[in-house]
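Mind docking chain W on chain H? Use the hints.
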Amino acid sequence: MDKAMEEAGNIMSAMVQESKAAYDIIRERFGEAVSEFDANPTMPFFEVLDTARWVDIALFMRDDARLKFNCMACLSGVDYLEEGKLGIVCNFESIGQYTHRIAVKVKCQRDGGSIPSVSCVWHTANWHEREAYDMYGMVFDGHPDLRRILCPEDWTGFPLRKDYQVQETYHGIKVPY
Amino acid sequence: MQELGKAELNSTRIIRQDDNRVIIEKDLDTEYMVLSMGPQHPSTHGVLRLECITDGEVVVEAEPYLGYLHRCFEKYCEKIDYPAIVPYTDRMDYLAGMNTELAYCITVEKLLDIEIPRRVEFIRVITAELNRIASHLVAIGTYGIDLGAFTPFLFCFRDREIILNLLEWISGARMLYNYVWIGGLSYDVPADFKKRVDEFVSYFKPKVVELRELLTENEIFVKRTKGIGIMPAEVAINYGWSGPMLRGSGVKWDLRRNDPYSIYPELEFDIPVPDGKFSDVGDSLSRHLVRALEIDESLKIIEQCLDKMPEVAGFDPRAVIPKRIRPKAGEVYGRAENPRGEVGFYIVSDGKSTKPLRCKARSSCFVNLSAMKDLSKGQLIPDLVAIIGSIDIVLGEVDR
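In the order they appear, the protein sequences are chains H and W.
Every letter in the first sequence is one number past the one before it in our numbering, and letter 114, counting from 1, is 114.
Every letter in the second sequence is one number past the one before it in our numbering, and letter 276, counting from 1, is 276.
None of these hints come from the bench; they were simulated from the model.
Be careful, since some hints might not be right.
Below 25 Å or equal to it, Euclidean Cα-Cα: the simulated DSS-like pairs (lysine-lysine) are [to be verified]:
1) W:Lys355 with H:Lys162
2) H:Lys85 with W:Lys323
3) H:Lys105 with W:Lys75
4) W:Lys355 with W:Lys323
These stretches of chain W come out as covered by chain H in the derived footprint (C-beta under 8 Å, 3 or more residues) [stated by the list, open to error]:
5) 121–134
6) 153–167
7) 214–224
8) 329–337
9) 340–346
We treat Cβ as the ideally placed atom computed from N, Cα and C, and that holds for glycine.
Extracted from the complex, chain W is given alone in its bound form:
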């Protein structure tokens, strides 16, 4: 078969076949179609709109449009006192409130130079890791739903409910806690806390195995995610990716180890990175795999903290909280490892006011999502859903 010529911008093709017959093919060109996915689309996990230019089933380009949930968190911060910002940080990443609170509080504490009691640090880490598990359970469960697996979602939410009950028990709220305060905590944990968390850990360990057999090793799930949306490590770093997204690309980078805060240096845990045996390094399956393995590591951390946590009679978690939080003049950039990656706060204090001059929140999902345009090129529309799901966005944090 030999191509003899083309006319009218590829719409007509003249071919000489092997038996010397000449065939003229007409009307070959396809039309691009603009397909708006979202803002009210179940697979976008919130109010994200993707404007896809499609050629049949293939996405030529996808441009994300954000801002539907924009509340200008940063403007609010300039109007209110430092401790009053904590509840607002909950509302950024509403699936991992404890982690975002912790990131904000350790940032302000860097400016304040106060020493946090050890018991407070342990409680902070336990609650943060519990919240990390809850957040990963949502990520894994909804990812299953995106790809048509309904049962794992129910399993995930059943177990997440136990964690939310625990956190509600200690803070009074299911998702928006306002529990970690600058310099301490709002309340000490109840007397039975250790026992109940211990019960949860021993209940949950077999469930993790069950979840792995049900979803991660499911052949249909693997076929839908393996090799889809591959991101090389170099590009991922250049995009500023962090958290499970970056580790999915094979970079061993975890702020709990690389820029340690709180009591993480004292704890033993691994940083799971895909080895390329089960998944292709950097694809959607790797990112899912990192989240699934991180649950095990979080459980390990919680167990160690429960062992090491000092018991103090009549402990007052508000003891070292300054009466009036007025940091010295200066600037600070502090960050912590959230379930979705690095959450950072850039705070400028003028040294006179009890309100920050500038408080910028570096959102992990915002940065991770910015690679969407590159990731979606040439993918099928069903694969686009698999890629968005693997990024695990929370629009409250993207838009702030």
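Just chain H, same shape as in the assembly:
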């Protein structure tokens, strides 16, 4: 059993090593625009510090022959209330090319903050960015169609923010029960 556990540990670290190798290529190209690599075993990630270069980084990640992150598996909005920021977390993988996976974080200011849209790079980002906007209220610059997607168009507030207060009434209907 110990041996099995040890092997499992090795597989895990191999996965992180692959992510690290992919990160090194991005770091080499973009330098200080990206943060240090976070080598946690469950979801290795790095953060984009210079958000203005996010689209460049995204295009590089998709098209570089050594990376080929052709699939965005998931894009989640997150509220960092203590830092006073909102952010997105994107999970990438390379279907049919490599086995590496990596996660990327991009953050923006809570009030009036914006993140460049990558919906032109991955189609998946289109609806996911609309969802993140719907739930958290960060604006995605350059998004072709930034509307609410799950909530009604005339809903007030952004439900998944930690300090969200439900509106009193919606079209004359009492909302909180």
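Below, chain W without anything else, positioned relative to chain H:
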């Protein structure tokens, strides 16, 4: 015939015919009509609304509107404990509750670092594959109904009922099970479980052949679906498609093989991908075909699991479930192969609370449906129905 000129934005055309007669054609332009399909439309499989701009019978553009079933699952998750989220995951994809539960539980288990007993893993895989068959039967049956074939639907639902009875027998619920728990199961399977599942498998095998002869090889069905809504592999990957949708486009990608979880690495099964002989790769028929072939593979997996499943006297499936589930601080993205594609959970834990800081559900149907706008361009309205049916959406999962 020679065109001499046009006037008033294509509404008038002047043509010189071969015998030198000049013809003036007037009132040629057509008017676009906005046609709202749904939310209460049988072919949208739930409360989806498609706003179609049509030019006669041809769809110029179709824009999906969602959110009619939005319950803000993710907000609930931030208010309740980790184990209490499991019943909510059932209500996302209500046709494949076991699979979604499994996806959620393996994600939390990644943060917890606990070892799951082997018997639990086998039971999880058997129930997940049974549920996959049940889900594919609904997909295939309702797809037939969309295209005017009523009988296969009745056959599918007759056989699905047997699976639902089996799952009700072990969990107490027909569709919303709350059976797979973090670190274990709610109950062990009853004593006769192996025998009854074995009976089902041997009963169901000839029925799969029957269904194939009745629907998949039916000439009318093939004519309605072949070459309709073709999605090239490159675009499908860029759209983030997964599951039978992606495999229908010819990409051999299955999370049970490509990001293995549970005991799938020990099991023998193929990943069916259309070869382009029977269908055009990437069309609606290919997606249907992948689902039909996957039923066979699921049966294979169930048979192997029944053989290999260890019998443990006095087995307690709750033995390794922690008293208080409080994962260490960290983030995790875990996913599993659902009947409709990749279902993923992104969970953030602060290490102090018994509630997640953030729990995002990546819905497979949501992502698959997002390609609707591209798929529907220039299609006939009846073909639009064939395309929606082939995407196999469950609106409970799209809207969450």
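Hint by hint, here is what the structure shows:
1. Of the supplied pair hints, the one linking lysine 355 (chain W) and lysine 162 (chain H) holds, its CA atoms being roughly 14 Å apart against a limit of 25 Å.
2. Between the alpha carbons of lysine 85 (chain H) and lysine 323 (chain W) the distance comes to roughly 35 Å, so the proposed pair goes past 25 Å and is violated.
3. With a CA separation close to 21 Å, the supplied pair lysine 105 (chain H) and lysine 75 (chain W) stays within the 25 Å bound.
4. Simply put, lysine 355 (chain W) and lysine 323 (chain W) have alpha-carbon atoms about 14 Å apart, close enough for the 25 Å limit, and the pair holds.
5. Three residues within the 8 Å Cβ limit are the bar, and the region 121–134 of chain W against chain H gives 0, so the coverage statement is violated.
6. Here's how the region 153–167 of chain W fares: 0 of its residues keep a CB closer than 8 Å to some CB of chain H, so the rule of at least three is not met and the hint is violated.
7. For a cut-off of 8 Å, the count of residues in the region 214–224 of chain W with a CB near a CB of chain H stands at 0, and the three-residue condition is violated.
8. Counting residues of the region 329–337 of chain W whose beta carbon lies closer than 8 Å to any beta carbon of chain H gives 5, which meets the minimum of three for the stated coverage.
9. Chain H is given as covering the region 340–346 of chain W, and this holds because 3 residues of the stretch bring a CB closer than 8 Å to a CB of that chain, at least three being needed.
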